[in-house]
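K.L.:
Residues per chain, in single letters:
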Amino acid sequence: MSLIACDKVSFSYEKQIVVNELSFSIEKGDYLCIIGENGTGKTTLVKGLLGLKKPSGGKITVGDSFQPTEIGYVPQQTVAQKDFPASVYEVVISGCLNQRGMRPGYSKENKERANSNMELLGISDLRKKCYRNLSGGQQQRVLLARSLCATTSLLLLDEPTTGLDPVATTEFYSMIDRLNKKHGITIVMVSHAIKEAIEHAGSILHLSHSSYFYGTVEAYRHSTFGKRFLGGMEDDHIN
Amino acid sequence: MITLIREMFSYPFMVRAMIVGTLVSVCASLLGVSLVLKRYSMIGDGLSHVGFGALALAVALNMAPLKVAIPVVIVAAFILLRVTENSKIQGDAAIALISTGALAVGVMLVSLTTGMNMDVYNYMFGSILAMSREDVVLSIMVSIIVLILYVIFYEKIFAVTFDETFAKATGINTNLYHMLLSILTALIIVLGMRMMGALLISSLIVFPAVTAMRICHTFKSVTITAVLVSIVSFIVGITTSYLYATPTGASIVIVDIILFILFQLYGLIIKKNV
Ligand SMILES: Nc1ncnc2c1ncn2[C@@H]1O[C@H](COP(=O)(O)OP(=O)(O)O)[C@@H](O)[C@H]1O
Ligand SMILES: [Mg+2]
Chain A
1 MSLIACDKVS FSYEKQIVVN ELSFSIEKGD YLCIIGENGT GKTTLVKGLL
51 GLKKPSGGKI TVGDSFQPTE IGYVPQQTVA QKDFPASVYE VVISGCLNQR
101 GMRPGYSKEN KERANSNMEL LGISDLRKKC YRNLSGGQQQ RVLLARSLCA
151 TTSLLLLDEP TTGLDPVATT EFYSMIDRLN KKHGITIVMV SHAIKEAIEH
201 AGSILHLSHS SYFYGTVEAY RHSTFGKRFL GGMEDDHIN
Chain B
1001 MITLIREMFS YPFMVRAMIV GTLVSVCASL LGVSLVLKRY SMIGDGLSHV
1051 GFGALALAVA LNMAPLKVAI PVVIVAAFIL LRVTENSKIQ GDAAIALIST
1101 GALAVGVMLV SLTTGMNMDV YNYMFGSILA MSREDVVLSI MVSIIVLILY
1151 VIFYEKIFAV TFDETFAKAT GINTNLYHML LSILTALIIV LGMRMMGALL
1201 ISSLIVFPAV TAMRICHTFK SVTITAVLVS IVSFIVGITT SYLYATPTGA
1251 SIVIVDIILF ILFQLYGLII KKNV
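So the sequence lines, in the order shown, correspond to chains A and B.
Using my numbering, the first residue of the first sequence is number 1, and each one after it goes up by one.
Using my numbering, the first residue of the second sequence is number 1001, and each one after it goes up by one.
Simulated from the structure, these hints should not be mistaken for laboratory data.
Take the hints with a grain of salt, since some may be wrong.
[As the list claims (entries may be wrong)] Mimicking DSBU-like on lysine-lysine, the simulated pairs with C-alpha atoms at most 30 Å apart in a straight line are: (1) K129(A) with K1271(B); (2) K53(A) with K1168(B); (3) K128(A) with K1038(B); (4) K195(A) with K227(A); (5) K1271(B) with K128(A); (6) K15(A) with K1168(B); (7) K1220(B) with K128(A).
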């Protein structure tokens, strides 16, 4: 059984359809990149997968292991967060809240988990630092560490490398690779960088305003869809 | 001065005012941290004007003020939080509509019934003398409930304030905490109005949080500092009010302004030295 299967799923805002009859599925251990221009409904689709937005048509089937307590999410950053007074540790450990139910405070295991995730992402020395004073790359690591506190199985990331410099972007992608390959975490990442997407992902979901492509990276390279968008870029690769 | 202060505490009504005022200030500052960070500061202002309208209605109907004001303001809090979230009228415009509307209705009710008497003046500008024994008991009870709920749900309130989408996606009932936040805010605004007045109560919510954020960089330290700031400004403010017979609410806000400026300067100095 797939982790998530979408069957002709559509999303719309007040009768205006933004995602139309999309079918694809996500298996355990997959690394799926969702690409497409701004406004093609990538964020909307992710919110749909998270259950934050109801589809206006079609059906999303989720496997047994797909529970809110098994999801990690790195959202597109909001403006309010940019000047929020919070320490790195406070942000990271808040990812554990979905295991707490109504109980107050954090358990010892929660604290250990927060610490080990900060270690894993190399931000242990930032723990007392203020989130708003960090660089973009550091902030993304903090949000990633938080989402790892919330899940060990599925991560959804919405344009996590926006605003990062090239070095930080490369580091971020290799971190995601490691989580996927070494820790077996299923990755669903929204990106607008096609080049990085086909380099790292296993499958591609390319949204455009009129149609979409879904398949493996190999199939994408050879599809008319992929060729149209990759055209020049593939030549760069060969030269 | 010392004797004056000792004299101040020999009046039972002053002791009552001290206890209630400190509790309400602490609660308001706690809620304020979340409201300010979520860009909901103006909601406090809107609710206090609704509160004034409700109190005027109670006076007109000759009913117990708090029993009318509390439910009305809770309903208004729900509506305001909803329209701020998803509305075609811009959130801030909606707040301005409701708040000035309620104020106008209140003023009309007052002028058609009792006229601008001392009672009404006290609702607008606040007075420590205005609190009845019943008010005091109710205020203490509600404040303690707010404090307990805040401590129990502190971590969740942080999560919902920092990143509501993430909290919701990972299975936290964000609606519940939103509701909690609006009910608690409504309660504290109604209770604080007797002391601060409808026109100034939102300063109790906004000032301590904003002042603490000048120098603090973690959520916990902002929360604790806001509480301390609220206690200091209340005690200094009410003492000033007693000594110089100035209006309570305004005296507290003046202390708030002074603290804000001091924290701002201190914040600039420590930033320069880093
Ligand atoms: N809350 C909303 N209300 C109405 N329209 C929206 C809302 N959110 C997004 N949209 C519209 O839906 C379309 C897709 O948006 P989005 O999913 O954010 O695209 P992407 O993430 O691919 O840039 C856009 O045209 C946008 O204007
Ligand atoms: Mg987007």
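K.L.:
Determine for every hint whether it applies to the structure shown.
P.N.:
So, going through the hints one by one against the coordinates:
In summary, the hint linking K129(A) to K1271(B) is supported, as the alpha carbons are separated by about 14 Å, within the 30 Å threshold. Proximity of K53(A) to K1168(B) is assessed by CA-CA distance (about 11 Å); at most 30 Å being required, the pair is judged to hold. A C-alpha spacing of about 23 Å is found between K128(A) and K1038(B), which places the hinted pair at or below 30 Å, so the restraint holds. Note on K195(A) and K227(A): the hinted pairing holds, with a Cα-Cα distance of about 13 Å set against a maximum of 30 Å.
At roughly 17 Å between alpha-carbon atoms, K1271(B) and K128(A) fall within 30 Å of each other, so this suggested pair holds. At roughly 25 Å between alpha-carbon atoms, K15(A) and K1168(B) fall within 30 Å of each other, so this suggested pair holds. Note on K1220(B) and K128(A): the hinted pairing holds, with a Cα-Cα distance of about 12 Å set against a maximum of 30 Å.
Hint violations for this structure: none, all hints satisfied.
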